[in-house]
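The lines below spell out each chain.
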Amino acid sequence: MPEYMRFMVRRLIQSLLIIVGIVIVNFVVLHLAPGDMADVMAGLDGGGDANFTQELRKQYGLDQPLYVQFVGYIQHLMVFDFGYSFTRNMPVLDAILDRLPATLLLMGVAILLAFVVGVILGMIAGSHAGKPLDTVISLLALLGYATPLFWLGLLLILLFTIHLGWLPSGGMKTIGLRGSLVDQWLDVAKHLILPAVTLAVFYLAIFVRLMRASVIEVMGQDYIRTARAKGMKNISIYLKHVCANALLPVLTMLGLQIGGMLGGSVVIETIFSWPGLGRLTYDAIFSRDVTLLLGILFFSSVCVVVTNLIVDLLYNWIDPRIGLK
Amino acid sequence: MNISRRNFVLTTGAITVLSALGLQSPAVFAQSSVPVKGGTIRIFLSDPTVLVSAISSAGQTALISPKLFDGLVEYDNDMVPHPRMATSVKLSDDARTLTIVLREGLKWHDGQPITSADVAFSALEVWKKFHSRGRSTYASLESVDTPDELTSVFHFSKPSAFVMNALFASEAQVIPKHIYQGSDILKNPANTAPIGSGPFRFVEWKQGEYILLEKNPHYWAKDEPYADQIVVLLVQDSSARALAFEAQEVDAAGGMPVSMADARRLARLPYIEIPTTGNEAYGNNHFVEVNLRRPYLQDVRVRQALLHAIDRDFMLKNVYFGFGTAATGPIPVTMKTFYSPEVPTYGYDPQKAMALLDEAGFKPDAKGKRLSLTIDPLPLGDIYSAAAAYMKQALAAVGVDLTIRSADIATYYRRIYGDYDYDLTFAGASALTDPTIGVQRFFWSKNIIPGVPFSNGSGYSNPEMDAILEQAAAEPNPQKRIELFNKFQTLAATDLPILPIADAPYFAVRNKRLKNAEVSPFGFGGSFSNAYIEG
Numbered sequence: 325m326p327e328y329m330r331f332m333v334r335r336l337i338q339s340l341l342i343i344v345g346i347v348i349v350n351f352v353v354l355h356l357a358p359g360d361m362a363d364v365m366a367g368l369d370g371g372g373d374a375n376f377t378q379e380l381r382k383q384y385g386l387d388q389p390l391y392v393q394f395v396g397y398i399q400h401l402m403v404f405d406f407g408y409s410f411t412r413n414m415p416v417l418d419a420i421l422d423r424l425p426a427t428l429l430l431m432g433v434a435i436l437l438a439f440v441v442g443v444i445l446g447m448i449a450g451s452h453a454g455k456p457l458d459t460v461i462s463l464l465a466l467l468g469y470a471t472p473l474f475w476l477g478l479l480l481i482l483l484f485t486i487h488l489g490w491l492p493s494g495g496m497k498t499i500g501l502r503g504s505l506v507d508q509w510l511d512v513a514k515h516l517i518l519p520a521v522t523l524a525v526f527y528l529a530i531f532v533r534l535m536r537a538s539v540i541e542v543m544g545q546d547y548i549r550t551a552r553a554k555g556m557k558n559i560s561i562y563l564k565h566v567c568a569n570a571l572l573p574v575l576t577m578l579g580l581q582i583g584g585m586l587g588g589s590v591v592i593e594t595i596f597s598w599p600g601l602g603r604l605t606y607d608a609i610f611s612r613d614v615t616l617l618l619g620i621l622f623f624s625s626v627c628v629v630v631t632n633l634i635v636d637l638l639y640n641w642i643d644p645r646i647g648l649k
Numbered sequence: 007m008n009i010s011r012r013n014f015v016l017t018t019g020a021i022t023v024l025s026a027l028g029l030q031s032p033a034v035f036a037q038s039s040v041p042v043k044g045g046t047i048r049i050f051l052s053d054p055t056v057l058v059s060a061i062s063s064a065g066q067t068a069l070i071s072p073k074l075f076d077g078l079v080e081y082d083n084d085m086v087p088h089p090r091m092a093t094s095v096k097l098s099d100d101a102r103t104l105t106i107v108l109r110e111g112l113k114w115h116d117g118q119p120i121t122s123a124d125v126a127f128s129a130l131e132v133w134k135k136f137h138s139r140g141r142s143t144y145a146s147l148e149s150v151d152t153p154d155e156l157t158s159v160f161h162f163s164k165p166s167a168f169v170m171n172a173l174f175a176s177e178a179q180v181i182p183k184h185i186y187q188g189s190d191i192l193k194n195p196a197n198t199a200p201i202g203s204g205p206f207r208f209v210e211w212k213q214g215e216y217i218l219l220e221k222n223p224h225y226w227a228k229d230e231p232y233a234d235q236i237v238v239l240l241v242q243d244s245s246a247r248a249l250a251f252e253a254q255e256v257d258a259a260g261g262m263p264v265s266m267a268d269a270r271r272l273a274r275l276p277y278i279e280i281p282t283t284g285n286e287a288y289g290n291n292h293f294v295e296v297n298l299r300r301p302y303l304q305d306v307r308v309r310q311a312l313l314h315a316i317d318r319d320f321m322l323k324n325v326y327f328g329f330g331t332a333a334t335g336p337i338p339v340t341m342k343t344f345y346s347p348e349v350p351t352y353g354y355d356p357q358k359a360m361a362l363l364d365e366a367g368f369k370p371d372a373k374g375k376r377l378s379l380t381i382d383p384l385p386l387g388d389i390y391s392a393a394a395a396y397m398k399q400a401l402a403a404v405g406v407d408l409t410i411r412s413a414d415i416a417t418y419y420r421r422i423y424g425d426y427d428y429d430l431t432f433a434g435a436s437a438l439t440d441p442t443i444g445v446q447r448f449f450w451s452k453n454i455i456p457g458v459p460f461s462n463g464s465g466y467s468n469p470e471m472d473a474i475l476e477q478a479a480a481e482p483n484p485q486k487r488i489e490l491f492n493k494f495q496t497l498a499a500t501d502l503p504i505l506p507i508a509d510a511p512y513f514a515v516r517n518k519r520l521k522n523a524e525v526s527p528f529g530f531g532g533s534f535s536n537a538y539i540e541g
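One line per chain: the protein sequences are A and B, in this order.
The first sequence: position 182 = 506 (this note's numbering), numbered continuously.
The second sequence: position 519 = 525 (this note's numbering), numbered continuously.
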């Protein structure tokens with residue numbers, strides 16, 4: 325246990341330093357772009373008079389020197405006050421929490437779908453390496469990776485909404501739907517299918533190729549030859565030996581994807597009007613809402629750091645040879 | 007149309023007459039068939055920031071706010087005001103006193119009565135202070151008397167005839183004093199959950215998803231609104247919107263909701279229509295603004311040459327997909343009162359363009375290049391970039407090498423209106439309801455204010471022009487104002503600080519089952535109080 329404790333403490337301190345560094349870098353970089361929120365808001369309004377933009381700046385606290393703004397931001401961050409978003413007219417924390425469940429739902433389902441299907445297909449491709457089945461699967465994976473998401477999304481809407489009329493074209497739920505909880509969940513599920521599948525196609529390709537390569541490598545190991553030699557059935561070999569050992573690199577990738585979950589997917593969220601964090605980030609950048617952006621980036625970096633920590637712990641559990649460092 | 011009477015007196019007598027004529031008051035606009043009560047109207051919007059136009063003149067807000075807040079008056083297609091919240095609006099002969107009489111028995115959505123105190127508060131504390139155009143329109147408003155519960159008397163220090171054209175729901179919006187007084191007006195939560203006076207009341211706003219409005223059961227107009235609720239779907243992507251229109255998941259959207267190519271495609275569907283009326287108030291004028299600070303652009307012959315090199319008919323057909331007409335100046339053809347075609351025009355004539363460039367001293371070099379310029383298209387939608395791409399080709403033919411610079415909106419505002427770091431910019435702006443409100447800002451030398459978007463970015467400063475504009479703003483006689491603006495248009499077309507390209511109104515897309523959606527020049531920016539779903 326002491327080794328775990330030392331590891332955890334060390335990692336937590338490291339994580340804290342990383343997050344602080346990220347906040348500093350984000351703050352500096354975001355202020356490098358020309359134009360600020362007052363410019364955008366005044367432009368939205370179609371102009372004004374001489375003092376209009378300056379007064380907007382004062383309202384938003386943008387007229388103070390940069391280091392004053394930075395110190396103020398850090399002070400608020402200490403007490404978990406993420407500030408106020410003037411483009412959304414609500415506190416930053418509310419704006420983020422508002423979109424968090426939708427993002428987690430979309431990204432979670434898409435990544436899970438991609439992982440499960442990707443691992444299975446990757447196994448099949450890897451075990452039939454060089455044969456026609458492998459070629460077909462690899463080709464499909466390549467297509468999935470290369471196809472632009474917005475094009476695929478629009479095509480799926482064309483097919484399933486316009487021609488077949490099975491699924492809605494966008495949004496997260498039918499507004500004004502009155503029904504039981506089950507009905508509401510089914511409604512969200514119906515809205516989730518197209519965006520999750522479109523997104524999954526992209527991640528699928530990554531998992532398939534990774535799993536395939538990993539399976540091929542594991543299949544060449546000595547212990548597999550030993551297992552076959554002692555008469556173990558093929559299926560047992562795959563499930564007991566190959567799968568677990570080939571999964572390790574794929575788990576790394578899974579960890580990376582989960583870490584990046586809070587980034588959402590701007591393209592999918594825009595096409596399907598899914599109220600997620602990706603689109604919020606995109607809007608925040610273009611309206612130069614730095615406070616909101618810093619809040620989102622902070623949450624994202626915490627998510628990535630925590631996920632990395634969990635993956636490292638998981639590694640050690642799956643393959644004790646790796647050990648904690 | 008000539009405004010022959012200065013006083014627009016709308017008494018109950020007039021309303022009775024109109025009712026007797028079979029025109030249902032207050033809906034003085036022709037209705038197509040028997041309205042169907044009930045139903046849900048679904049429209050599109052891009053995320054607005056607030057729902058109260060009194061503090062924000064943003065376009066998306068202006069499309070939804072009039073459904074929540076009644077206007078003092080409603081303008082018909084000839085810009086004649088008709089009674090709405092106000093039964094009478096009278097401007098004095100010297101255009102310095104405006105008397106507004108409210109309708110009796112009006113109530114806010116929370117049940118409180120609407121009184122002249124609300125009007126006075128809104129004008130002095132809100133329009134004058136926070137509205138980007140209100141600050142200019144009401145700059146000379148000194149005080150507002152409220153002799154009784156229904157009457158407000160505005161006292162201006164200078165003649166302000168143009169105010170009569172700025173009394174619609176999104177420009178002069180009355181907001182509740184009992185909600186806003188004493189609070190930080192810009193941060194008041196009522197800005198995103200409004201207590202209004204209009205035919206629909208606010209229910210909820212799920213950020214990034216939808217805004218839900220329901221029928222106001224205590225609305226003063228009998229039987230109105232017809233619809234039970236309005237669902238505002240917050241969808242930003244134009245392709246997704248086009249698909250939703252095709253799948254009949256939405257009824258209407260205004261403000262150029264889909265790309266022009268998609269609009270033409272959708273119009274071919276039997277259930278979709280692109281209305282030809284209902285967009286005059288936001289007559290959008292597309293133009294090339296020239297940075298006159300650059301020495302090579304200061305010769306008017308160069309600017310004339312640039313205009314001669316562009317084939318506007320080709321642009322309208324291929325870039326605008328037939329939407330819009332060629333512009334002759336900064337006042338769009340939809341502003342019927344003030345528009346004048348009697349101005350110098352510059353047709354498509356590449357030979358003349360080259361001759362003018364020669365005269366101005368820009369002879370072609372060995373490769374045929376005379377001049378190198380950059381152009382910054384306004385990054386709101388695709389139309390400006392598409393037009394800039396065409397212009398690059400057209401100008402190359404006369405020896406001008408045009409480089410297109412792309413930027414996001416904040417960078418664009420900084421470059422064009424902050425640092426004045428550009429040669430040409432292709433942009434669009436609404437002339438709105440009166441040239442003093444929407445057009446003067448680009449030509450008045452006192453409006454060269456660094457840091458303010460859509461101010462005078464070209465740097466144009468002509469004392470003759472300043473005199474015309476200032477006189478027109480202060481002139482109480484409507485006929486004289488028209489004459490002054492005729493002079494303005496001629497001078498603008500002679501000096502050419504801004505090259506007029508196209509009048510491309512913000513078109514709307516509508517499913518045919520939605521009726522009465524564009525009953526005024528504000529179209530989808532209207533109140534929807536007599537809109538309904540058929541079938």
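Just so you know, these hints were derived from the structure itself, not from any lab.
Hints are not guaranteed to be accurate.
Counterexamples of contact, computed for chain A against chain B with all Cβ distances above 12 Å [to be verified]:
#1 ALA362
#2 ASN375
#3 TYR384
#4 HIS452
#5 MET496
#6 TRP598
Listed below are several chain B residues computed to face chain A (Cβ distance under 10 Å; list not exhaustive) [said to hold, decoys possible]:
#7 PHE136
#8 GLN213
#9 GLU215
#10 LEU218
#11 GLU252
#12 PRO370
#13 GLY374
#14 ARG376
#15 LEU377
#16 GLY387
#17 ILE410
#18 ILE415
Beta carbons: idealized from backbone N, C-alpha and C, even for Gly.
Hint check results:
1. A beta-carbon of chain B comes within 12 Å of the beta-carbon of ALA362 of chain A; the shortest separation is about 8 Å.
2. Consistency note on ASN375 of chain A: stated as away from chain B, yet its beta-carbon is not over 12 Å from all of that chain's, at 8 Å minimum.
3. The claim that TYR384 of chain A lies off the interface is violated: its Cβ sits roughly 10 Å from the closest Cβ of chain B, which falls inside the 12 Å cut-off.
4. At roughly 39 Å from the closest C-beta of chain B, the C-beta of HIS452 of chain A stays outside 12 Å, upholding its exclusion from the interface.
5. With a least beta-carbon separation of about 6 Å from chain B, MET496 of chain A fails to lie farther than 12 Å from that chain, contradicting its non-interface assignment.
6. With a minimum CB-CB distance of about 8 Å to chain B, TRP598 of chain A fails to clear the 12 Å threshold, and the non-interface call is violated.
7. Interface restraint check: PHE136 of chain B against chain A, minimum CB-CB distance 9 Å, threshold 10 Å, status holds.
8. At about 5 Å, the closest approach between the beta carbon of GLN213 of chain B and any beta carbon in chain A falls short of 10 Å, and the interface hint on this residue holds.
9. With 10 Å as the threshold, the beta carbon of GLU215 of chain B comes within range of chain A, its nearest partner Cβ sitting at about 5 Å, so the hint holds.
10. Hint status for LEU218 of chain B: holds, given a least beta-carbon distance of 7 Å to chain A, under 10 Å.
11. For GLU252 of chain B, the interface hint holds, the least distance from its beta-carbon to any beta-carbon of chain A being 5 Å, beneath 10 Å.
12. For the restraint placing PRO370 of chain B at the interface with chain A, the shortest Cβ-Cβ distance is roughly 35 Å, beyond the 10 Å limit, so the hint is violated.
13. Violation of the interface hint for GLY374 of chain B is found here, the shortest Cβ-Cβ separation to chain A being roughly 35 Å, above the 10 Å cut-off.
14. Taken as an interface hint, ARG376 of chain B does not check out: its beta carbon lies about 31 Å from the nearest beta carbon of chain A, beyond 10 Å.
15. Hint status for LEU377 of chain B relative to chain A: violated, with the closest Cβ pair at about 26 Å, above 10 Å.
16. The interface hint given for GLY387 of chain B is broken, as the beta carbon of that residue sits about 13 Å from the closest beta carbon of chain A, more than 10 Å.
17. Violation of the interface hint for ILE410 of chain B is found here, the shortest Cβ-Cβ separation to chain A being roughly 18 Å, above the 10 Å cut-off.
18. Residue-level restraint check for ILE415 of chain B holds (minimum Cβ-Cβ distance to chain A is 6 Å; threshold 10 Å).
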